[in-house]
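Given the coordinates of chain A, work out where chain B with the ligands should sit on it, guided by the hints.
Note that the protein sequences, when read in sequence, are chains A and B.
Heads up, the first sequence is in numbering that gives the first Met the number 0, so the first residue is 0 and it goes up one at a time.
Heads up, the second sequence is in numbering that gives the first Met the number 0, so the first residue is 0 and it goes up one at a time.
Some hints here could point you the wrong way.
Listed below are the simulated SDA-like cross-link pairs for lysine to any residue, each with C-alpha atoms no more than 25 Å apart in a straight line [claimed, not checked]: (1) A/LYS133 <-> B/ALA220; (2) A/LYS286 <-> B/THR14; (3) B/LYS260 <-> B/ALA236; (4) B/LYS260 <-> A/PRO168; (5) A/LYS133 <-> B/LYS249; (6) A/LYS131 <-> B/THR226; (7) A/LYS131 <-> B/ARG17; (8) B/LYS249 <-> A/GLY234; (9) A/LYS293 <-> B/ALA259; (10) B/LYS23 <-> B/LYS106; (11) A/LYS196 <-> B/VAL182; (12) B/LYS224 <-> A/GLU126; (13) A/LYS133 <-> B/ALA221; (14) A/LYS133 <-> B/GLY20; (15) B/LYS249 <-> A/THR328; (16) A/LYS124 <-> B/PRO231; (17) A/LYS201 <-> B/GLY242; (18) A/LYS313 <-> B/LEU240; (19) B/LYS224 <-> A/LYS286; (20) B/LYS249 <-> A/ASP310; (21) A/LYS133 <-> B/ARG234; (22) B/LYS260 <-> A/LYS124; (23) B/LYS15 <-> A/GLN122; (24) A/LYS201 <-> B/SER145.
Part of the chain B face toward chain A, derived, beta carbon under 10 Å [to be verified]: (25) ALA98; (26) ASP121; (27) ALA172; (28) LYS222; (29) MET228; (30) GLY237; (31) THR244; (32) ARG253.
Hints in this document: simulated from the structure, not taken from any laboratory.
Just so you know, even glycine gets a beta-carbon here, dropped at the ideal spot from N, CA and C.
Here is how the chains run, residue by residue.
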Amino acid sequence: MAEGVCVITEFREGSFRRISFEIASEGRRLADELGEPLVALALGESIGDLATDLGNYGVEKVYVLDAPSLKDYRAETYVPVAAEILSNLDPKVILIAASVDGKDFSARLAARLGAGLATDCTQLKVEGGSLKAKRPMYAGKAFAWYEWSDGSWPQMASCRPNVMDCLAPDTSKKAEVEKAKVEVAEGNQTQVVNIEKDAGGKLDLTEADIIVSGGRGMKGPENFAMLEELAKLIGAAVGASRSAVDSGWRPHADQVGQTGKVVTPNLYIACGISGAIQHLAGMSSSKYIVAVNKDPEAPIFSKVDYGVVEDLFKFLPVFIEEVKTLKSTC
Amino acid sequence: MNIVVLLKQVPDTETKIRIGGDGKTIDTSDIKWIMNPYDEYAVEAALRLQESAGAKVTILSMGPERVVESIRTALAMGADQGVLVNDPGTEGSDALGKAKVLAAVLKNLEFDLVCCGHRAVDDDENQVGIMVAELLGIPHLGLAISVELGDGKIRIVRPIEGARVTLEGTLPALVTFGGAHAVWNPRYASLPGIMKAKKKPLETKTIADLGLSPDEVGMQAAKVKITAMELPAERQAGRVLEGETSDKAKELVRLLHEEAKVI
Ligand SMILES: Cc1cc2nc3c(=O)[nH]c(=O)nc-3n(C[C@H](O)[C@H](O)[C@H](O)COP(=O)(O)OP(=O)(O)OC[C@H]3O[C@@H](n4cnc5c(N)ncnc54)[C@H](O)[C@@H]3O)c2cc1C
Ligand SMILES: Cc1cc2nc3c(=O)[nH]c(=O)nc-3n(C[C@H](O)[C@H](O)[C@H](O)COP(=O)(O)OP(=O)(O)OC[C@H]3O[C@@H](n4cnc5c(N)ncnc54)[C@H](O)[C@@H]3O)c2cc1C
Numbered sequence: 000m001a002e003g004v005c006v007i008t009e010f011r012e013g014s015f016r017r018i019s020f021e022i023a024s025e026g027r028r029l030a031d032e033l034g035e036p037l038v039a040l041a042l043g044e045s046i047g048d049l050a051t052d053l054g055n056y057g058v059e060k061v062y063v064l065d066a067p068s069l070k071d072y073r074a075e076t077y078v079p080v081a082a083e084i085l086s087n088l089d090p091k092v093i094l095i096a097a098s099v100d101g102k103d104f105s106a107r108l109a110a111r112l113g114a115g116l117a118t119d120c121t122q123l124k125v126e127g128g129s130l131k132a133k134r135p136m137y138a139g140k141a142f143a144w145y146e147w148s149d150g151s152w153p154q155m156a157s158c159r160p161n162v163m164d165c166l167a168p169d170t171s172k173k174a175e176v177e178k179a180k181v182e183v184a185e186g187n188q189t190q191v192v193n194i195e196k197d198a199g200g201k202l203d204l205t206e207a208d209i210i211v212s213g214g215r216g217m218k219g220p221e222n223f224a225m226l227e228e229l230a231k232l233i234g235a236a237v238g239a240s241r242s243a244v245d246s247g248w249r250p251h252a253d254q255v256g257q258t259g260k261v262v263t264p265n266l267y268i269a270c271g272i273s274g275a276i277q278h279l280a281g282m283s284s285s286k287y288i289v290a291v292n293k294d295p296e297a298p299i300f301s302k303v304d305y306g307v308v309e310d311l312f313k314f315l316p317v318f319i320e321e322v323k324t325l326k327s328t329c
Numbered sequence: 000m001n002i003v004v005l006l007k008q009v010p011d012t013e014t015k016i017r018i019g020g021d022g023k024t025i026d027t028s029d030i031k032w033i034m035n036p037y038d039e040y041a042v043e044a045a046l047r048l049q050e051s052a053g054a055k056v057t058i059l060s061m062g063p064e065r066v067v068e069s070i071r072t073a074l075a076m077g078a079d080q081g082v083l084v085n086d087p088g089t090e091g092s093d094a095l096g097k098a099k100v101l102a103a104v105l106k107n108l109e110f111d112l113v114c115c116g117h118r119a120v121d122d123d124e125n126q127v128g129i130m131v132a133e134l135l136g137i138p139h140l141g142l143a144i145s146v147e148l149g150d151g152k153i154r155i156v157r158p159i160e161g162a163r164v165t166l167e168g169t170l171p172a173l174v175t176f177g178g179a180h181a182v183w184n185p186r187y188a189s190l191p192g193i194m195k196a197k198k199k200p201l202e203t204k205t206i207a208d209l210g211l212s213p214d215e216v217g218m219q220a221a222k223v224k225i226t227a228m229e230l231p232a233e234r235q236a237g238r239v240l241e242g243e244t245s246d247k248a249k250e251l252v253r254l255l256h257e258e259a260k261v262i
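Looking at chain A on its own, in the form it has when it is part of the complex (with noise of 0.2 Å):
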């Protein structure tokens, strides 16, 4: 009888990445509802004893696979010795980061274990001893409440990063360890064959807490650099409109939008963006929106919280001068 919650975390280069927690402290929450065993899984190489560091988060047991092989995802050496796992753990519910890999790995196991896959859900709760999912289409546009067919199990949801709620860490509670006993392929078929890592450890636009967007009205990539010095003083990600990345101003990794990035920031701040349909899907459920624009007609004042009608070139200027005297006093 299937039984229980595991979350499948992300260990990269030595750590967990926070979403790792993120979905420890959501399948804690799920556990407890359905009464049941919280456990999890950690591939990757050198995870040592940082495992037990996820009963911090009500994690009770780790089955951990650590070789070589796994230092970096891959589908070939990560998904037969998870699935052989699971199939033998039979969980009621899987989670999973909806990072770039977990998308892979999601998808890649859902197929191979034949079971119910809801992806990048930002809401899930337990009725009736099932799990309901809430997650975003059309970038945002609208939601949809996903739920498993009777009886399929296991119940697989992977969570959008910097949405659920990390639980305070408790460090008193370290969780028991397993070795996994199974045989991890070499992997043949694919090869890493190099990492380029982003100049100043960028924060990913997806995982950032504030962004910092710009768009035609910058005029140019060289005013991006106002964007940038405002973004490091208050810990923010830069990012960008379709029409500044078309321009060749911006990094195309920096779109934010129904094809770009969708993002959900406690902060955005949108300079010289006029607020295009496209645009607003991928930004408009951040907590708190401001806008600078010099149109008061600029579809963009629909969604904020705080909205100057200003040119940007005064405005940030002083801005970013009130921010520094704000920085310098607390």
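Here is chain B with the ligands on its own, set in the frame of chain A:
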């Protein structure tokens, strides 16, 4: 060299979404249908390989009759032939059901490379292509922003959080395409292209042709179902700050710090 592109037709990104009368699907009246933008990047990438490696490009789609228009668009861009699976028995299928249908077609086609979007911009599920790769037992190289062929291998660059990864895979493989319009700049269909497209082969199949039945891939087989849809809460009209530039700047800092507590 044979390349198959998986193509989904989706509502135009300009579409304002309304919930349908049943409360669990969207209202599709007045919707303009377009090729999924990420699939357009996949078509563009395939056509570049068609030019550089002499590949033959087949467009494969599943959906109703209206999808023919998007397949013809891809043929007008330069693809060689199309296959459409049009069968009411696939109604209500989930991602895995769809992947099974597409994989069944692929098993009967010769291919070295399958190209598709990393996600469809309507349901945003990010599943179908990856599941097809799993069902076919071939590598999936995801979120490509560039592709290169050589020595029976394919090499892509993909952005992950905070880095760019160069990944190499053996053929046959499935590549899902990411990036943005600016990365791929998909070509437009030319007028002669449109004329030629009308004469290019486009085959329609049912799931019975593929040896599948609705209870394997249709509603009955679906492991997940959508029980309700809702629109996001309308945002309350915000506050437009008043005064001189310096007043506004001071006030915005105060609001963000004291009221919103975000800086
Ligand atoms: C299939 C498809 C997909 C798309 N996907 C996306 C997507 O993912 N993301 C996206 O962003 N767009 C997307 N778009 C494009 C979208 O439709 C808009 O064209 C784009 O968002 C506009 O960018 P913008 O707001 O920067 O430029 P504009 O619409 O040109 O707006 C510039 C704004 O800057 C203001 N401004 C100018 N000068 C100043 C100044 N000195 N001070 C203050 N304000 C100033 C203007 O008043 C104006 O409101 C997509 C389009 C299509 C067709
Ligand atoms: C309960 C339920 C009922 C549904 N009923 C229907 C229905 O009756 N009809 C319907 O059309 N959808 C239906 N859907 C939606 C459908 O199952 C989704 O399209 C599917 O789950 C894949 O998600 P996606 O479209 O976001 O594709 P993604 O997984 O995001 O797509 C990724 C890529 O896969 C390829 N791809 C996806 N779909 C197709 C396709 N049809 N043909 C070729 N390539 C494709 C494309 O290359 C695309 O870029 C239903 C979904 C659920 C959960």
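Status of the hints after comparison with the structure:
1. A/LYS133 <-> B/ALA220: holds, 21 Å
2. A/LYS286 <-> B/THR14: holds, 24 Å
3. B/LYS260 <-> B/ALA236: The given pair, whose Cα atoms are some 19 Å apart, holds under the 25 Å limit.
4. B/LYS260 <-> A/PRO168: Holds, at about 23 Å.
5. A/LYS133 <-> B/LYS249: This hinted pair is violated, its Cα atoms lying about 39 Å apart.
6. A/LYS131 <-> B/THR226: At roughly 9 Å apart (the allowed maximum being 25 Å), B/THR226 and A/LYS131 satisfy the hint.
7. A/LYS131 <-> B/ARG17: Cα-Cα ~22 Å, so holds.
8. B/LYS249 <-> A/GLY234: holds, 19 Å
9. A/LYS293 <-> B/ALA259: The hint holds at about 23 Å.
10. B/LYS23 <-> B/LYS106: Given pair B/LYS23, B/LYS106 is violated - Cα atoms ~34 Å apart, limit 25 Å.
11. A/LYS196 <-> B/VAL182: Status holds; Cα separation ~19 Å.
12. B/LYS224 <-> A/GLU126: holds, 15 Å
13. A/LYS133 <-> B/ALA221: holds, 17 Å
14. A/LYS133 <-> B/GLY20: holds, 20 Å
15. B/LYS249 <-> A/THR328: holds, 14 Å
16. A/LYS124 <-> B/PRO231: holds, 18 Å
17. A/LYS201 <-> B/GLY242: With a Cα-Cα distance of about 36 Å, the restraint between A/LYS201 and B/GLY242 is violated, given a limit of 25 Å.
18. A/LYS313 <-> B/LEU240: Measuring from Cα to Cα gives roughly 15 Å; hence the hint holds.
19. B/LYS224 <-> A/LYS286: The hint is violated at about 29 Å.
20. B/LYS249 <-> A/ASP310: holds, 16 Å
21. A/LYS133 <-> B/ARG234: With a Cα-Cα distance of about 19 Å, the restraint between A/LYS133 and B/ARG234 holds, given a limit of 25 Å.
22. B/LYS260 <-> A/LYS124: Violated - the C-alpha atoms of A/LYS124 and B/LYS260 are around 28 Å apart, more than 25 Å.
23. B/LYS15 <-> A/GLN122: Since the Cα atoms of B/LYS15 and A/GLN122 sit roughly 23 Å apart, the hinted pair holds (cutoff 25 Å).
24. A/LYS201 <-> B/SER145: Holds - the C-alpha atoms of B/SER145 and A/LYS201 are around 21 Å apart, at most 25 Å.
25. ALA98: holds, 7 Å
26. ASP121: holds, 6 Å
27. ALA172: With Cβ-Cβ at 8 Å, under 10 Å, it holds.
28. LYS222: Holds - the Cβ of B/LYS222 comes within 10 Å of chain A, reaching about 3 Å at its closest.
29. MET228: holds, 5 Å
30. GLY237: This hint holds: B/GLY237 lies near chain A, its Cβ roughly 4 Å from the closest one there, short of 10 Å.
31. THR244: holds, 5 Å
32. ARG253: holds, 9 Å
Checked against the numbered hints given earlier, this structure breaks hints 5, 10, 17, 19 and 22; the rest are met.
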